[in-house]
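Trainee: Chain by chain, the residues run as shown.
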Amino acid sequence: MSDTLLTIRDLRIEGRQGDIWQPIIKCVDLDLRRGEVLGLIGESGAGKSTLGLAAMGYSRDGTRISQGSVTFDGMDLLGMSERRRRGLRGKRIAYVAQSAAAYFNPAHRLIDQYAEAPTSIHRLIPRGQAEQEAREIYAQLRLPNPDEIGFRYPHQVSGGQLQRAMTAMAMSCKPDLIIFDEPTTALDVTTQIEVLGAIRDVVRELGTAAIYITHDLAVVAQMADRIKILLRGEEVEEQPTRDMLAAPKEEYSRSLWAVRSFTSEEKSAPASDEVPVIRVRNVTAEYVRGAPVLDDVSFDIHAGHTVAVVGESGSGKSTTARAITGLLPPVAGAIELDGAALPAQLAARSKDELRQVQMIYQSADTALNPKQTIREIIGRPIRFYLGLRGKAQEEKIRELLSAIELEPDQFIDRYPAALSGGQKQRIGIARALAAEPRFIICDEVTSALDQLVAEGILRLLKRLQEERGLAYMFITHDLATVKAIADYVVVMQKGRVVEQGPKGQMFSPPHHPYTKLLLSSVPEMDPDWLDTTIQDRKKG
Amino acid sequence: MTLHPLVSMILHRLALGLLTLFAISLFIFFAIELLPGDLAEEVLGQSATPETVEAFRRELGLDQPAMLRYFNWLGGVVRGDFGTSLANGRDIAELLAGRFANTLFLAIYAAAIAVPLSITLGLLAALYRGSWFDRAVNILTLTSISFPEYFVAYILLLYFSVTWGLFPSIADFGSDADLSTMLFRTFLPALTLVLVVTAHMMRMTRAAIINLLAQPYIEMARLKGASPVRVILRHALPNALAPIVNVVALNLAYLVTGVVIVEVVFVYPGLGQLMVDSVAKRDIPVVQACCLIFAGIYILLNLGADVLAIATNPRLMHRK
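These protein sequence lines map, in sequence, to chains D and P.
Sequential numbering from 439 applies to the first sequence in the working numbering.
Sequential numbering from 369 applies to the second sequence in the working numbering.
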């Protein structure tokens, strides 16, 4: 049995765009030994997932492997029949996807999906044995109620648990190789650390080789023996993890490390008698009567300041935004704008009150109407709120485009589909600015973007704030973003504010226990971070 | 005690269904009132003197105000009494029973062929999408749905009955035929109906399945090594049941309520023909009874479709 498990040589993959085939992967080589974990990192569009799937001899609809070879355990994956390839998939090479919620079939119980590959598809073991093994591996991955959880449907299980159940499913046939495609990206930091630990233990114990795909350097540092960096379908460099972290050779690799450096000075606290732009006063809100999702939430946001609201999913961050914008009227408490109470109901607010509070969304893709040009998207709030038409409106659109650093002549007639992710988010910002608001809610505005692009957006927001004296409420689960942009931090858990204060104070001890948990869960570049942190928690 | 959401939904929908039936009966009654002439004029013809017509009306109770007649009729229905036909004095419930059984027989016959056929064709078309098979099925079913039903019926008659003499052209099987005779005699009308409804169900099945093939969990199934047949039957179909069941229900309802033309062509004594005759005669109680049956079928089938759609959706059946 040779030591080499997977060899990829001179691989080229193309994707169809309209009538022409564009290269996605250009001439990539890859070697993997048995039991070894290779980290594959790069920004979105670098071709990481495409390369990971090619390691299974699989190409998505609209892509094709045009050249090169993939050899798995001495077998030519690309040359063999589709039937033989199917015989390897799931059995000897398995896949763990980013979004477990989407990759689990909603119509079947978890255990049925676990057992499908080893029993119905590959016929390795009887059903009873598969169920028994499922329970063991669920327990190994530290899922709660391992005997019972398999009998639930995907929608009845939380995201972190689903992600572990998917790892368990990949393990069901004891494969030689698992492709992990961003398995923790969609999770909260506190959940991520558990899943990372669980995945690594199981991989080590069974001696499974893995390709670990992620855009998060700190995560890959914990998981991989070697790291390969991809940029636009080409390899930048590959090194053992510790060498890569200590001394990246290439300019691009170094730039990946450097992006975390953007920070802003914390502004001095506002005068005690200054009236805040937005005051959230003892707000309680509920979707179902008697089950508050926000419980007595209070904080102030002053002109020219940024308040970051952090917490896990389900902590009430976005619900707070809904209460402020009037989409979810509070059952108790009030929202004040410049010291005067805002009507709770959206419909009861005047046009001027609506104008003052604007929003920027996480997914610019879905927040922009794909059938409208940039001119129409930005022009509409200008006409609606400011009543400008014709030439005045056109001038205002161009002025806004210049403000968000997009050349007006070049962009004004484009549709959103012709923009990159970062450019779309800039249009989202311009649309919010078009109303000339005093307060903007930024809901996870950088979490769908690559780090370099995200940093550009943060710098832009910072500059606009200084120029226009805007107040921001920044909803995020990413503490690096908080460090970069916030003046004041509000930590939420289960609908309550557990701690709030100026940034400097919040990032230095002593912490509230939950804040401490959040802070200590953010992965660090140190390859030993995961081990030490998990050990610390066991002791504590 | 809290009811299972499915049970409370069924009760809620049944109540709404009753309300719908009431609204329909009102609408039909007064719509027919608006038609010129009544039963007395129809029966006695133009040569009758106004006095004879008036006397006949009194005898039938047609001289009373419309509102009063409607509520008299409604009162009877609530007690289970549909009244008697104005045209021939027969008990309506009895008159309808035989006709309804005939209509139901033909509908079930056609459905028993069309539903499995169209779903199988739809699944195969989805499996081999883009192939010559897919195109052939699409063209054939589209062709058959594009011709008017009477045209399809007469073409079938021409070949199967007149030219080749395989099947009878008149579908009426009398009162004491055995099952095989019934199936034989009604084969052509059933085939006509199959040709008319298959395209819709088949295309919906195909579209619903193909729509799901881009889902991530389908990719996951492929990456687990599942064969294309397994991907479609085990992973796509359970998630596509809701739209398919809805279209099937709609077509089943059509098989019961929309087959007048086929009944006329094949001289088949069904409910549709009875209703058309009764409208012509202004025999309002019979028309009302027919309408209520048709509406009831629609409501029940749609309810059945919704219940099935919920029962096959774990998100709705198993709450968090």
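In case anyone wonders, no lab produced these hints; they're calculated from the structure.
Just so it is clear, the structure is predicted and the values come from calculations on it, not from any experiment.
Check the hints yourself; a few may be wrong.
[What the hints assert, rightly or not] Listed next, with one range per pair, are the computed distances between beta-carbon atoms:
no.	chain 1	residue 1	chain 2	residue 2	range
1	D	Arg561	P	Leu510	39 to 45 Å
2	D	Ser751	P	Leu510	56 to 62 Å
3	D	Ser482	P	Ala679	36 to 42 Å
4	P	Leu601	D	Pro951	49 to 55 Å
Just so it is clear, CB atoms sit at the ideal spot from N, CA and C, and this is done for glycine as well.
Trainee: I want to verify a distance hint. Is the separation of the beta carbons of serine 751 (chain D) and leucine 510 (chain P) within 56 to 62 Å?
Mentor: Violated - the Cβ-Cβ distance for serine 751 (chain D) and leucine 510 (chain P), about 47 Å, lies outside 56 to 62 Å.
Trainee: Can you let me know if the beta-carbon spacing of serine 482 (chain D) and alanine 679 (chain P) is within 36 to 42 Å?
Mentor: holds (40 Å)
Trainee: Given a hint of 39 to 45 Å, does the C-beta separation of arginine 561 (chain D) and leucine 510 (chain P) actually sit inside it?
Mentor: holds (41 Å)
Trainee: Range first: 49 to 55 Å. Now tell me if the beta carbons of leucine 601 (chain P) and proline 951 (chain D) are that far apart.
Mentor: holds (51 Å)
When each numbered hint is compared with the structure, a violation occurs for hint 2 only.
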